[in-house]
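Visitor: Let's have the full structure, built from the sequences with the hints guiding it.
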Amino acid sequence: MHEFSLASEIVDMVEQAAKNAGKGKVTCIELEIGELAGVEESALLIALESLTLHSMSKGAQIITKNTKGKAICSNCNFEYELQDLFTLCPKCSGFRKQIISGKEFNILSIEAE
Amino acid sequence: MCDTCGCSDNEKGYTLEKPGQKPTNSGNDVHDHDHSNGHGHGHGHGHGTSEPILLSTPVLSKNNLIAERNRGIFEAKNIKTFNLVSSPGSGKTTLLEKLIPILKKLKEVYVIEGDQQTTNDANRIDQAGAMAIQVNTGKGCHLDAMMIHDALLQLKPTENSLLFIENVGNLVCPSLFDLGENSRILISSVTEGADKPLKYPYMFESSQLCVINKTDLLPYVDFRIDQFKTNALRVNHHLDFVEVSATGGQGIEELVKWILA
Ligand SMILES: Nc1nc2c(ncn2[C@@H]2O[C@H](COP(=O)(O)OP(=O)(O)OP(=O)(O)O)[C@@H](O)[C@H]2O)c(=O)[nH]1
Ligand SMILES: [Zn+2]
Ligand SMILES: [Zn+2]
Ligand SMILES: [Zn+2]
Chain A
1123 MHEFSLASEI VDMVEQAAKN AGKGKVTCIE LEIGELAGVE ESALLIALES LTLHSMSKGA
1183 QIITKNTKGK AICSNCNFEY ELQDLFTLCP KCSGFRKQII SGKEFNILSI EAE
Chain B
4 MCDTCGCSDN EKGYTLEKPG QKPTNSGNDV HDHDHSNGHG HGHGHGHGTS EPILLSTPVL
64 SKNNLIAERN RGIFEAKNIK TFNLVSSPGS GKTTLLEKLI PILKKLKEVY VIEGDQQTTN
124 DANRIDQAGA MAIQVNTGKG CHLDAMMIHD ALLQLKPTEN SLLFIENVGN LVCPSLFDLG
184 ENSRILISSV TEGADKPLKY PYMFESSQLC VINKTDLLPY VDFRIDQFKT NALRVNHHLD
244 FVEVSATGGQ GIEELVKWIL A
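For the protein sequence lines, the chains are A and B, in the order given. Going by the working numbering, the first residue of the first sequence is number 1123, and it counts up by one from there. Going by the working numbering, the first residue of the second sequence is number 4, and it counts up by one from there.
Incorrect hints may have been included.
As the list claims (entries may be wrong) - Straight-line alpha carbon distances no greater than 27 Å define the calculated DSS-like cross-link-like pairs of lysine-lysine that follow:
1) 65(B) / 1190(A)
2) 1187(A) / 65(B)
3) 1213(A) / 202(B)
4) 25(B) / 142(B)
5) 65(B) / 1141(A)
6) 65(B) / 1225(A)
7) 65(B) / 1145(A)
Rather than coming from a laboratory, the hints here were simulated on the basis of the structure. As the structure is a computational prediction, the values presented were derived from the model and not from experiment.
Guide: As structure tokens, this is what we get:
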């Protein structure tokens, strides 16, 4: 359910940025959502669609870029990919790890006119 | 209040209430997006000739900044702050009722109670002898940093005190929202199943302490503590554990030690 509050943050920031640039309509929003960000993309898109329905972002194209989840094993230093927070190191089965990517959740850019 | 997009229902439609007083609105109407633009016509083209405006901003940056501000207040006043998170009914309020009389002898104790509805929990804290304020989030499923900031203005915690924030009972949403707390304490009860950490990993990942509550019920439920801990450590290998019974009192001393450490 927090996808609704996240979507409303996005819409607020995007429209503020468009206004600051002297634009009246947002045509495209580019988001970065890491695989390990804890954000459900489909729910977020639905929320965005309904929140922008009567706003200056109505009909804006939403582009999402999904960053892969990656961790370094603290035991053997092996770097591996993971789609969840609890995958063990495939090399040594260690559980101590440092997540190095996949937690991104950013507004990258917008297009407006 | 914005009834076009409904976002106030989700985030800004909260009220603050002290036990025995009338509720107040947050008084923070920072909502300013424009619903009345005249661009009704649909554009067909996706990528136009317009230059993209680069933002590269975290979606949660506003919340994170307010959380930093809260953290600054806590640091300046030397207030140790704990964000209590759990699924509904795992025993957060009962635990606070047990902790308050003990901690009160050492420090001033304040509680911010987050629930979607009712002031029941704030009243229970009031009874237990701590100063409390209730934040009702309405339909909102988590507390955010702004709610805490507003609650602080009313609660006015003194220097060198302890502040507990009881978050809305929900194992998903509160994990993303930094409130400015020093530590996050996750309360899990033995009636919830040992696979909770794998089902709700984000909350386990973002917490520093996991309190395993209702251990008095262990003889009656099929809950393997070692298995639970292994699962939780797979998600977050820095996590500490304390096993307690909030109703029986077992383990409370160890928890007090952790809180004061
Ligand atoms: N047997 C047993 N019951 C407990 C224990 N701790 C809490 N309970 C019971 O669990 C129920 C819920 O406790 P609360 O303290 O209200 O739980 P909560 O996490 O504050 O609930 P919400 O605020 O609604 O999310 C109550 O009936 C408590 O008496 C415990 O250690 N053992
Ligand atoms: Zn939610
Ligand atoms: Zn390894
Ligand atoms: Zn409670």
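Visitor: So, for every hint listed, does it hold in this structure?
Guide: Hints, one by one, checked against the model:
no. : hint             : in the structure
1   : 65(B) / 1190(A)  : holds (25 Å)
2   : 1187(A) / 65(B)  : holds (22 Å)
3   : 1213(A) / 202(B) : holds (24 Å)
4   : 25(B) / 142(B)   : holds (20 Å)
5   : 65(B) / 1141(A)  : holds (18 Å)
6   : 65(B) / 1225(A)  : holds (17 Å)
7   : 65(B) / 1145(A)  : holds (22 Å)
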